[in-house]
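Student: Sequence:
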Amino acid sequence: MTQPQISVCVFCGSRLGAKESYAEAATKTGEMLAKRGWRLVYGAGDVGLMVTVARAAQEVGGATFGVIPEHLFSREVGKRDLTTYIVTETMHERKKVMFMNSDAIVLLPGGAGSLDEIFEVLTWRQIGLHGKPILILNTDGYWEPLRALIDQFINEGFADPSIGEFLIWADTVPELEAALAGTFDA
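With the first letter of the sequence shown counted as 1, position 157 gets the number 157 in full-length UniProt numbering; the numbers rise by one all the way through.
Rather than coming from a laboratory, the hints here were simulated on the basis of the structure. Any given hint could be a false lead.
[To be verified] Now the in silico label distances, taken between C-beta atoms and shown as ranges: (1) D116 - T172: 24 to 34 Å; (2) D151 - F73: 30 to 40 Å; (3) N155 - V60: 40 to 50 Å; (4) N155 - N101: 28 to 38 Å; (5) K132 - M91: 33 to 43 Å; (6) T84 - G157: 35 to 45 Å; (7) R36 - T84: 25 to 35 Å; (8) G128 - L149: 15 to 25 Å.
Ideal placement from N, C-alpha and C gives every residue a C-beta, glycine not left out.
Required output: the full structure, derived from the provided sequences and hints.
Tutor: Following this line, the structure appears as structure tokens:
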């Protein structure tokens, strides 16, 4: 009997961002996932960091699983040449399908949509709905304000210190790879 394929959900920007290092990290992440034989699960966008990570995975022969809601076809230009392409009715359904089809969640640089996605899975973890690892690729310190905000939640008594323990931080793609490998081998 063959082992089921490991799937990694990547939340990231529908824009490229201000620094070239964000696209470089997205490219390296897509390549790393494919080389490891891990399937990329993402928002099916054909724009920004989303398409960067997907194309990189595809160029190395990796499996891709994209999920897009109907109303974002024009804005995110749904990337249809994926291994699996799913269309949902709502954003919430998109997040649920992505989450349910992944074994771990990774956050790359992004904006409000990426924060919405990561906070939903973090909240689900906080209230005991799952135990999947949540990893943050902190390229060039991009997510330091997020780390400070989570510390603020804890320090001001609005969250248990365990919420900070649910997040695994990596500054580079090799650190991200090692952390993912460690969670899958455990």
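Student: State for each hint whether it applies.
Tutor: Evaluated hints:
For D116 and T172, the Cβ-Cβ distance of about 25 Å falls inside the hinted range of 24 to 34 Å, so the restraint holds. Between D151 and F73, the C-beta spacing of about 39 Å keeps the proposed range 30 to 40 Å intact. A C-beta distance of roughly 42 Å is found between N155 and V60, which places it inside the suggested range of 40 to 50 Å. Checked against the hint of 28 to 38 Å, the C-beta distance between N155 and N101 comes to roughly 35 Å, which is consistent with it.
Checking the proposed 33 to 43 Å range against K132 and M91 shows it is violated: the Cβ atoms sit about 20 Å from each other. Roughly 43 Å separates the CB atoms of T84 and G157, a value that falls within the hinted 35 to 45 Å. Separation of R36 from T84 is about 18 Å and departs from the stated range, judged on CB atoms against 25 to 35 Å. Remark: the range hint 15 to 25 Å for G128 to L149 is upheld by a beta-carbon distance near 22 Å.
Hints 5 and 7 from the earlier list are contradicted by this structure; the remaining hints agree with it.
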